[in-house]
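In case you want the letters, here they are:
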Amino acid sequence: MSPSPTDRSARLAELLARTALSDQAAYAELYRLTASHLYAVALRILREPAAAEDVLQEAFVSIWHHAGSYSTAKAKPQTWLTSIVRNRCLDQLRRREPDTVTMTRDEDETEMEFETPGPTAIELLLAGAEANSVRDCVERLDGSQKQAIALAFYQGLSHAELSRHLRQPLGTVKSWVRRGLERLKACLEGAGFGR
Amino acid sequence: MNLSRPDRAPRLDALAAAYALGTLLGRTRRRLDRIAQTDAAVAAAIRGWEWRLAALTEGMPGVTPPIHVWEGIRKRLGLTGEADSPRPGSTRWWTSLSLWRGLALAGFALAFALGILLLAPTAERPFESVVVVLAGPDAKPALVATAERGSRYLTVKAVAAQVPPGRALELWMLPDGRSPVSMGLIPASGIERLALRAPAGALLRDIPALAVSVEPPGGSPTGGPTGPVVYTGRVERIY
Chain H
0 MSPSPTDRSA RLAELLARTA LSDQAAYAEL YRLTASHLYA VALRILREPA
50 AAEDVLQEAF VSIWHHAGSY STAKAKPQTW LTSIVRNRCL DQLRRREPDT
100 VTMTRDEDET EMEFETPGPT AIELLLAGAE ANSVRDCVER LDGSQKQAIA
150 LAFYQGLSHA ELSRHLRQPL GTVKSWVRRG LERLKACLEG AGFGR
Chain Y
0 MNLSRPDRAP RLDALAAAYA LGTLLGRTRR RLDRIAQTDA AVAAAIRGWE
50 WRLAALTEGM PGVTPPIHVW EGIRKRLGLT GEADSPRPGS TRWWTSLSLW
100 RGLALAGFAL AFALGILLLA PTAERPFESV VVVLAGPDAK PALVATAERG
150 SRYLTVKAVA AQVPPGRALE LWMLPDGRSP VSMGLIPASG IERLALRAPA
200 GALLRDIPAL AVSVEPPGGS PTGGPTGPVV YTGRVERIY
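Protein sequences, first through last, are from chains H and Y.
Quick note: the first sequence uses numbering that gives the first Met the number 0, first residue 0, plus one each step.
Quick note: the second sequence uses numbering that gives the first Met the number 0, first residue 0, plus one each step.
Please keep in mind that the hints were generated in silico from the structure rather than gathered at the bench.
A couple of the hints might just be wrong.
The following residues of chain H were derived to be distant from chain Y, with all beta-carbon distances above 10 Å [unchecked claim]:
no.: 1; residue: A9
no.: 2; residue: E13
no.: 3; residue: A19
no.: 4; residue: A50
no.: 5; residue: E52
no.: 6; residue: G67
no.: 7; residue: Y69
no.: 8; residue: A74
no.: 9; residue: T78
no.: 10; residue: S157
no.: 11; residue: H164
no.: 12; residue: Q167
Below 20 Å or equal to it, Euclidean Cα-Cα: the simulated DMTMM-like pairs (lysine to aspartate or glutamate) are [unchecked claim]:
no.: 13; chain 1: Y; residue 1: K156; chain 2: Y; residue 2: E235
no.: 14; chain 1: H; residue 1: K173; chain 2: Y; residue 2: D12
no.: 15; chain 1: Y; residue 1: K156; chain 2: Y; residue 2: D175
no.: 16; chain 1: H; residue 1: K184; chain 2: H; residue 2: E138
no.: 17; chain 1: H; residue 1: K75; chain 2: H; residue 2: D141
no.: 18; chain 1: H; residue 1: K184; chain 2: Y; residue 2: E235
no.: 19; chain 1: Y; residue 1: K74; chain 2: H; residue 2: E57
no.: 20; chain 1: H; residue 1: K75; chain 2: H; residue 2: E188
no.: 21; chain 1: Y; residue 1: K74; chain 2: H; residue 2: D53
no.: 22; chain 1: H; residue 1: K184; chain 2: H; residue 2: D141
no.: 23; chain 1: Y; residue 1: K74; chain 2: H; residue 2: D22
no.: 24; chain 1: Y; residue 1: K74; chain 2: H; residue 2: E52
no.: 25; chain 1: H; residue 1: K75; chain 2: H; residue 2: E13
In this text, a Cβ means the ideal position worked out from N, Cα and C, and glycines have one as well.
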């Protein structure tokens, strides 16, 4: 039987606290409980196992050094950990690209990269929403808003990549993303979530 | 640019959202990063969006990272003490006769496990080309590992696996005449995908069997199995 989300959060918070005190056993346990989730997050954004492994490694080294700063954070432990990994992924992904919005990949390559095994981005968005009882908020988004946000969030696509993938002008996808996020935020806050 | 001014709030919120979503690019991204280091309002706006969005990853299925990731972390941090040390004087279990006798028994379990795969609800299940049924001494399947020949993932489904509290299960390849090679930690319940360093068909070509041992959390500290072996299974190829 898997523990309830609240038990899990309490357990992870305790392990983080002990990690801050240089408790190696707690740190190993923290890795055991969270690495597969965090690796999945990194793998989906970076799409290359070697790059995802590097990020996971860097993230855990940083967690060892900064576990103490968790106590001041007001997020669930898993959310805090996920943010660390996502940020490193996004930094790495953006470093691969030039500052301008020039596309360097050709279309075929981009198409191929979407054939990642496992659930599609939209399925993940809905699965995540379900896990947080905010499914209603996600459901309330337009189909195009939902798709654009899911692709950006789970696969790390930039506006330019979204525009190519969805075959829509840049301005259109930008406004899908912006309006989708605005709606999502309003709805989540209305539901007492995300503050 | 003072983003904290009240009249800039919508602009700040949009930037923070794009930052957290990942659509904010290069220079702008780095600039916002810098501002956030000194401006608490900007930092809070970014954090708010990161948390709002990070919560959406909770339903994602996990993928077990390769074992060398954990080894690399320990090495980089210079961590030496492990909660558990290898058992002194443990025998080289993978050479023992009872293991191979157990494998023969486990072969009977294959038919049963294939039944499970065929009963699975997915109609368009791709043809599995490597199947390993891992069973204990009672020959009852505990875990089923499957992969398509060209895939770099091994799907491990726990059928009836058990792990002592505070310990982890680690999966090993057993090459003929050589020491076991770790494939990573596996779950005691549910389904998980293990990343492989080569396509399954090539990686397992000369591997007659896989085994599962009980290890400290985070996996074996030595690079070889240290705990008792609880499940074994022959690598079956179905082409």
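How the hints compare with the structure:
1. A9: For A9/H, whose nearest Cβ neighbour in chain Y is about 16 Å away, the distance exceeds 10 Å, so it holds.
2. E13: Non-interface label on E13/H holds, nearest chain Y Cβ at 14 Å vs cutoff 10 Å.
3. A19: A19/H clear of chain Y: closest Cβ-Cβ about 14 Å, beyond 10 Å.
4. A50: holds (12 Å)
5. E52: violated (5 Å)
6. G67: holds (15 Å)
7. Y69: Fine: 13 Å to the nearest Cβ keeps Y69/H off the interface.
8. A74: Violated, since 5 Å does not exceed 10 Å.
9. T78: T78/H not clear of chain Y: closest Cβ-Cβ about 5 Å, inside 10 Å.
10. S157: violated (6 Å)
11. H164: holds (13 Å)
12. Q167: Fine: 14 Å to the nearest Cβ keeps Q167/H off the interface.
13. K156/Y to E235/Y: holds (16 Å)
14. K173/H to D12/Y: Within the cut-off at roughly 15 Å; holds.
15. K156/Y to D175/Y: Cα-Cα ~25 Å, so violated.
16. K184/H to E138/H: Holds, at roughly 13 Å.
17. K75/H to D141/H: violated (29 Å)
18. K184/H to E235/Y: Since the Cα atoms of K184/H and E235/Y sit roughly 51 Å apart, the hinted pair is violated (cutoff 20 Å).
19. K74/Y to E57/H: holds (12 Å)
20. K75/H to E188/H: holds (17 Å)
21. K74/Y to D53/H: holds (14 Å)
22. K184/H to D141/H: holds (14 Å)
23. K74/Y to D22/H: Holds. K74/Y to D22/H sits at ~16 Å (cutoff 20 Å).
24. K74/Y to E52/H: Holds - the C-alpha atoms of E52/H and K74/Y are around 15 Å apart, at most 20 Å.
25. K75/H to E13/H: Between K75/H and E13/H the Cα gap is close to 12 Å, so the pair holds against 20 Å.
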